[in-house]
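Participant: This is what each chain is made of:
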Amino acid sequence: MEDRDLHPLERALLAYLSTRPGADAGSAIADGAMEDEGSFRRASQWLLSRGLVREASSATRMLVELGPLGRECLEAGAMPETILYGKVRSGVSDPVVLQSDPAFDAARWGSALGALLRTGAVEKTGEGLKPGRSDASLFERVWTLVYRPLAEGTPVPLDGLPGDVRDFVLQRSPKRGRGRAEFSVTERTVQVLEITPEGRLALETSEGVLTGALTSDMLADGSWRKARFRRYSLDMPPARIHAGRLHPYRQFLDAVRRRFLAMGFKEMRGSIAESEFWNCDALFMPQFHPARDIHDVYFLDGCRVEPPEEGILERVARTHKDGWESGSRGWGYDFSTETSRRTVLRSQGTALSARTLASGPDVPGMYFAIARCFRYDQVDATHLPDFFQVEGIVLGRDMDLRHLLGLLGLFAAELAGAGEYRCLPAYFPFTEPSVELFVRHPSIGWMELGGAGLFRPEVTAPLGVDVPVIAWGLGLDRMAMVAMGLSDIRDLMTGDLSRLRSMRVLPDRVLGGGGGRA
Amino acid sequence: MPKIEVDRADLLALAGLDGISDEELGLRLAILKGELDLRQGDTLRIELKDTNRPDLWCVEGVARGLAALDGRRRRRLSGMPEARRELYADASVGGIRPWIAAFAASGPPLTPSAVEALIAGQEKLASSFGRNRRTAAIGFYRLSDIEFPVRYSAVDPGTSFHPLGEASLMTLSEVLERTEVGRRYAALLAGCDAYPFLTDAVGRPLSFPPVVNSESTGRVREGDTDLFCEVTGTDWGTVGLTCVILACNLEDRGFDIEPVEIVFHGPAPGERARIATPVRRLDRLAIDREGIRRILGTVPPDDGIESALRRMDYDSWKVESGRVEAELPPYRRDGLHPVDLVEDIADAIGLESFEPLMPSAFTIGAAAPVEDLCDALRTAMIGMGFEEIMLPVLTSRSRPGLAPSGGPALIANPMTLEFGAVRNSLIPGLLAVEEQSGRAPYPHRLFETGEVLLVEPGGAAATRVLIAAAVFGNEAAFGDAHSVLAAICASRGLEARLEPGSDPRFIEGRCARVMVSGRHAGVVGELSPALLHEARVSRPGSAFELDAETLAG
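Chains A and B supply the protein sequences, listed in that same order. Reminder that position 151 of the first sequence reads as 460 in this note's numbering, one-by-one numbering, no gaps. Reminder that position 97 of the second sequence reads as 250 in this note's numbering, one-by-one numbering, no gaps.
Hints are supplied without guarantee of correctness; some may be wrong.
[To be verified] Restraint-style ranges between C-beta atoms, simulated for each label pair:
#1 A/Ser366 <-> B/Ser636: 57 to 67 Å
#2 B/Ser636 <-> A/Arg509: 51 to 61 Å
#3 A/Gly636 <-> B/Met511: 25 to 35 Å
Treat the hints as calculated values from the structure; they're not laboratory data. In this text the structure is predicted, and so the values were computed from the model without any measurement. Glycine included, each C-beta is placed from N, C-alpha and C at the ideal position.
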């Protein structure tokens with residue numbers, strides 16, 4: 310037996326049962342021991358499970374319940390027959406007047422009048438309707454014996470009703486067409502419970518008023534000294550709390566950000582709307598490059614962003630045309646400043662790196678940004694309309710291919726928790742040599758983590774930088790999905806709060822294994 | 154990045170790599186910046202990542218690169234005979250589609266896979282490198298059907314011929330209007346009152362470039378041994394390189410290439426009006442020892458560099474104590490800067506043979522101030538029991554809750570209307586989450602910090618970082634949002650002052666402009682029932698939105 314005090318409901322039912330050989334829900338409610346059927350059910354279930362009461366017998370009984378029509382009557386507060394009878398008694402005799410009364414809809418008027426005529430409560434005369442020989446007491450008794458107890462939650466057994474009321478109820482409980490029935494009669498199992506010796510013992514030992522909640526009043530007036538505190542059940546599930554918390558994707562991005570700060574990188578920020586100049590031209594992507602057309606980049610209508618400084622624009626344009634002083638022969642086409650000014654949604658975080666290069670960066674210097682980028686892709690399980698990339702640069706007089714490879718090895722370990730990584734030749738318009746980084750992620754296996762390279766002199770020279778610059782960009786979404794246990798990328802930014810509340814950042818998968826190792 | 158599909162057996166036979174495994178093939182492709190994407194039966198899908206190497210976008214080019222890596226080098230158009238045939242480019246094509254290059258080729262009977270590869274390679278070049286046939290379009294013909302000199306001119310749109318694959322004669326305008334291929338490329342000739350047309354010396358039509366060949370001469374079949382090929386376009390560089398690549402491809406299949414002399418009667422691409430194509434031009438790159446060292450950190454031995462250049466199929470080279478002068482093969486025009494030469498050397502030697510080093514300079518990490526600020530704001534918000542949401546910046550231009558002024562910026566080329574605009578407020582996102590979350594237990598206390606794009610009336614667009622929060626439940630209370638707003642300001646040591654304000658998103662009289670440190674910082678209020686209805690949100694709510702940087706203090 311569970312070691313806890315009796316709940317007030319349990320006490321009430323036990324006390325009631327202790328005075329009689331057995332009882333069911335109907336009698337317990339009728340006698341006022343229980344409030345309603347729900348209370349009876351809860352108390353009896355608890356007591357049965359603790360062995361304080363047992364089932365003496367169970368019988369099936371026919372119980373009356375309200376059908377849809379019955380519930381309408383209950384809401385209206387009366388049966389239509391009673392209302393009609395009342396009107397006729399008060400002297401209204403014209404059926405037309407009666408029928409147009411807003412209290413009736415057409416269907417109910419007909420059946421109510423029929424019932425009143427049948428019982429003789431109303432008679433038809435040449436002038437109209439008048440009260441008949443017998444009264445309408447049947448309908449009043451139906452209201453008292455059936456409607457009222459049901460409204461209060463007391464079960465109404467069919468066999469407990471007087472004969473005429475019973476016949477009336479049965480007549481209005483069709484087996485078919487229940488959708489418009491006033492009553493329905495259902496067979497229900499009724500439990501008769503009796504108290505057990507353990508129940509009597511529990512009742513005796515629980516004598517005295519038990520206290521539920523301790524209140525500040527009790528502390529103030531000292532009544533706590535005499536109080537007996539009811540022992541609470543420990544099996545009750547606690548109320549759920551939806552705590553305030555960071556978005557799981559944010560937790561992941563924060564971890565990445567902290568890692569870069571810890572590696573000694575400075576954070577860059579910039580606009581999500583960029584001119585084509587910074588998004589492409591400054592990165593030596595020729596204006597005819599296929600990655601610049603309307604199927605790869607989003608163009609913004611009627612928007613403009615700050616134009617680049619005149620000198621920089623001039624040098625970049627020259628570099629595209631004939632290489633300027635970068636040592637290149639250039640792309641050999643006429644650069645359009647108009648194209649340069651068009652506004653796009655940033656398609657690569659490298660735009661931020663280009664701006665940093667043009668604004669007098671530290672040498673040696675290391676910069677990074679977690680940047681929202683936008684690509685022209687159909688949104689599906691592997692593509693979002695906008696996504697995060699981590700991009701950055703490392704400037705230094707002695708930076709070369711070997712440092713590029715070293716840095717990528719560091720990222721493989723720090724961000725993907727990968728012991729194994731591979732660098733393969735790659736192509737980006739703005740770097741040469743260019744390298745792609747593949748890592749063996751502890752959960753995903755071999756995956757492409759990102760691209761990197763040494764910025765081409767055609768990128769650095771016109772921006773006024775004369776030292777080698779390592780540039781890199783890494784994708785984050787795939788690792789974020791692993792960290793959050795997701796298979797559909799759209800869930801990264803779900804709008805469904807229930808879904809969001811169920812998501813966790815799996816701590817052992819953040820950055821491929823907790824991080825912290827170098 | 155271009156992707157091509159090739160017949161595996163054809164590729165390996167051309168490359169001389171019979172019996173190689175897919176894994177080994179993948180490793181070699183990586184040196185050419187290619188990736189084995191997929192294998193389906195006998196077909197391989199290969200992704201070529203270098204957008205400047207159109208020579209690799211066909212089976213012959215990939216095979217040529219693979220063969221060279223193994224030391225088996227092809228002819229690269231060396232030893233072509235003098236041109237014997239002529240093609241006249243009339244002055245009339247000048248303003249329409251001025252450039253043309255052509256050659257003849259004779260060789261072993263074309264096999265079915267060669268015909269297929271020829272067509273696929275031509276399609277890929279014309280669509281990707283030739284920008285959907287604008288800068289370059291290609292035609293192949295049976296040489297024996299053609300009398301030289303061939304004539305390239307612009308003719309009346311009423312001129313008729315029998316287009317390839319059609320049942321009967323059609324005029325050029327009918328081709329553009331009625332055939333599928335005509336409609337696809339009609340835009341390339343929009344506004345022209347004469348159309349490019351190729352005929353032979355006796356007036357037989359060869360083709361209507363860049364749209365369609367003629368039925369009588371322009372169909373190449375299995376077993377053909379003698380071919381004529383022409384490339385037309387609007388950019389001489391693209392036309393010339395395309396012609397070279399096609400000639401190399403046929404040469405690698407055992408054909409002998411015979412140049413055709415183009416006589417430009419109108420404007421000419423160079424100084425001379427007569428040019429024999431393909432032009433075997435070799436781009437030259439040079440770098441000294443110090444240049445190599447600066448990029449690679451080390452200078453490979455001379456014979457290592459020579460071997461690398463040979464394996465990358467360079468045409469010729471001179472290497473002396475680390476100083477390199479080299480000529481690219483004729484099918485490459487992507488050597489812009491000496492760094493390109495150095496990368497080829499490094500890739501051929503293998504990236505794994507360079508020792509990774511860590512940058513040794515000491516640098517101090519530093520967060521962007523706005524990010525630190527947002528961190529602090531988020532911490533304060535979750536302390537008050539708010540749940541963070543994160544939504545895309547792109548939204549629909551009709552999404553309920555966007556700010557009534559300052560945009561949203563509209564995307565000129567949206568992929569879908571669902572993502573046709575850039576948000577100018579975070580409130581639409583809060584409403585969108587509430588709309589989808591009616592079944593999640595209440596209360597809902599939501600917030601987001603994030604970027605929006607604000608557009609001034611003149612069009613100046615600025616990215617701002619905002620913080621917005623909303624409380625949804627059975628009853629809306631102005632105080633819900635107001636007290637959180639006050640607390641978030643207090644967490645920054647600031648005080649928010651409210652001024653009566655009006656914003657259609659909030660109930661009139663229950664909306665305020667928020668002033669922080671004398672600056673307009675945002676808005677707070679009870680969300681209007683009309684907005685909630687429009688957003689299909691069934692619970693009332695109050696919300697605020699502030700420019701995060703006004704809380705920097």
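Participant: Each hint should be assessed against the structure and marked as holding or not.
Facilitator: Status of each hint after checking the structure:
{"no.": "1", "hint": "A/Ser366 <-> B/Ser636: 57 to 67 Å", "verdict": "holds, 60 Å"}
{"no.": "2", "hint": "B/Ser636 <-> A/Arg509: 51 to 61 Å", "verdict": "holds, 55 Å"}
{"no.": "3", "hint": "A/Gly636 <-> B/Met511: 25 to 35 Å", "verdict": "holds, 28 Å"}
When the structure is compared with the earlier hints, no violation turns up for any of them.
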